[in-house]
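Just so you know, the sequences run in chain order A and B.
Residue 245 in our numbering sits at position 245 of the first sequence, and the numbers go up by one each step.
So the mapping is simple: our numbering equals the position in the second sequence, first residue as 1, plus 1000.
All clues given are correct.
These stretches of chain A come out as covered by chain B in the derived footprint (C-beta under 8 Å, 3 or more residues):
1. 69 to 77
2. 94 to 108
3. 270 to 283
4. 501 to 508
These are computed hints drawn from the structure, not numbers from a lab.
We put the beta carbon where it would ideally sit given N, CA and C, even for glycine.
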Amino acid sequence: MTATLQLGIIVAYLFIALGVGLLAYRLTERTAEDFYLASRTFGTVVLLFTVFATLLSAFTFFGGPDTSYAFGPEWILVMGLMDGIIFAVLWYVVGYKQWLLGQRHGYVTLGEMLGDRFGSTGVRALVAVVSLFWLFPYVMLQQIGAGGALSALTGGAFPFWAGATLITAFMILYVVLAGMRGIAWTDTLQGAFMLVMVWAAALWVLLAVDGGLTTINAGLEATRPEFFALGSDFYTPANMLTFAISIAFGVAMFPQVNQRFFAASSETVLKRSFALWPVLVLLLFVPAFLLGTWATGLGLEADIAAGESILPVILGEYTPAWFAALVIAGAIAAMMSSSDSMLLSGSSYFTRDVYRPVIDDSLSERREDLLARAGVAVFATAALVASIWAEAGAFGADSVGSILVTIGDLAFGGFAQLALPVILALYWRRTTRGGILAGILVPQVVYVGFNFLPEVPLGPVTLFTDTYFGWGVSIYCMILGLLVTVVVSAVTARSPDEDTDLYFEGLSAD
Amino acid sequence: MVSTAEKYGWAVVFALLVTFAIPWFLWGDSRMALGLPVWLWWHIGWMVLASAAFWTFANRAWGIGITDTDSTTTGDHA
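Put together the whole structure using the sequences plus the hints.
Structure (structure tokens):
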């Protein structure tokens, strides 16, 4: 009964998304700029929620509550620092400047913006290729998650491959039709829905538990009294800061987020969203993550290591089946809303920054628009095939599949490596082409090396492990990227094709 | 455009917002208030404060470090 209801809700969601897509399609101009950026027309609510839903959907419902369940609620502080403060500051430092440059010069992607400044197709293509390297497996993770969730929901009646294919097919259909405008509209509906659901769920549990918070806290006091105290073996300062810093910087460079910096309709929209970030983070994460911790206090159990999640358990225990079904189905739908944006951005990075400059420079607007839509379908299908192949454990899939999944897990740290060289390029006129190329390439290679090469003991130190002195290797790589960009820029000469004033002149308000 | 002193002031405000988003001075503290840890109340207050600070920044000082770098128009402001 519950599974049928949940399936019904998911299918209903798919059709609503498709309907919104069709509505958006009618408003669409047939140009790449409209397809990718909705012609830079987003207002405050749509921009805020589309970034929010794109970013945080599946984690809010599953990963975050699970972490708070297993280790305590301090993850709320990590999210506050990460998304409420650091990301908001980057929203200004990176986002506002990108938006201004996009308005002046019509940029659609990060690579395009950097390529123009450094007079280099190589810089442009490098940014795109690095981004696609991390993005593709990350899309796979979403498909694997959604396919697995559908399969678990139906007790295996709906096999993994069928679930993943169904969801991917719907996504292709409405992304190809609707582009950025349709995605942003569904994101907005979904973001609002998520906020309401998460508060309703928290209040419902509080009211349903006999004695409310007092009972829950007494349970925590008895089983995990250390949850009340700030900090633990898991939540060390270095660990919390590593997560907050590398994910916040990574988020700003994730194609589907970074590209939205270009899509605001006005400066006012950027200002309002900037000021609203901390409040939105507060409203969403406090109730969602507390639910995880409360489940511990209520003595509920979920085998997180085996892929179970705590949220369905606590909802199943204290709320009616239809309500739990609505929240869980919403969470699965939310997973889709992250992937659709990634498909669109992935396609735009490929067509604009790799295909057009490297392969066919004479592409017309109309042709580029068609190519962009085809790119979405190709990108999604390729990721789907790779996901099914990896999950099926077919020939060679064990090693390659697990490597792809690991790349997806490391994606935030990988994208974070782009941030500091890009910020230097935006704010330091002396950055040279050689500097930015080395600053992007070196930390990527080192980051991948330290995560994939086998550990090598070298006297008192061990090479290629993933933390040193408690700090994640992504932080060290970020610092390395900063240093390499500065040093190589200092020792190399500016190329005559570079336009060093591009990011500085003519930006004053007009 | 805001004064140089205010520019530095904003840099300090942003640095403080980042630094105390996690209340380090409450490390290991397990005191409770109204059913939630005190450090969680700090978080709630801090996010509201950050929002107010960002709002003020957006209305007073938006553009510093970005639109004031134009050497052709900011010579007299420098």
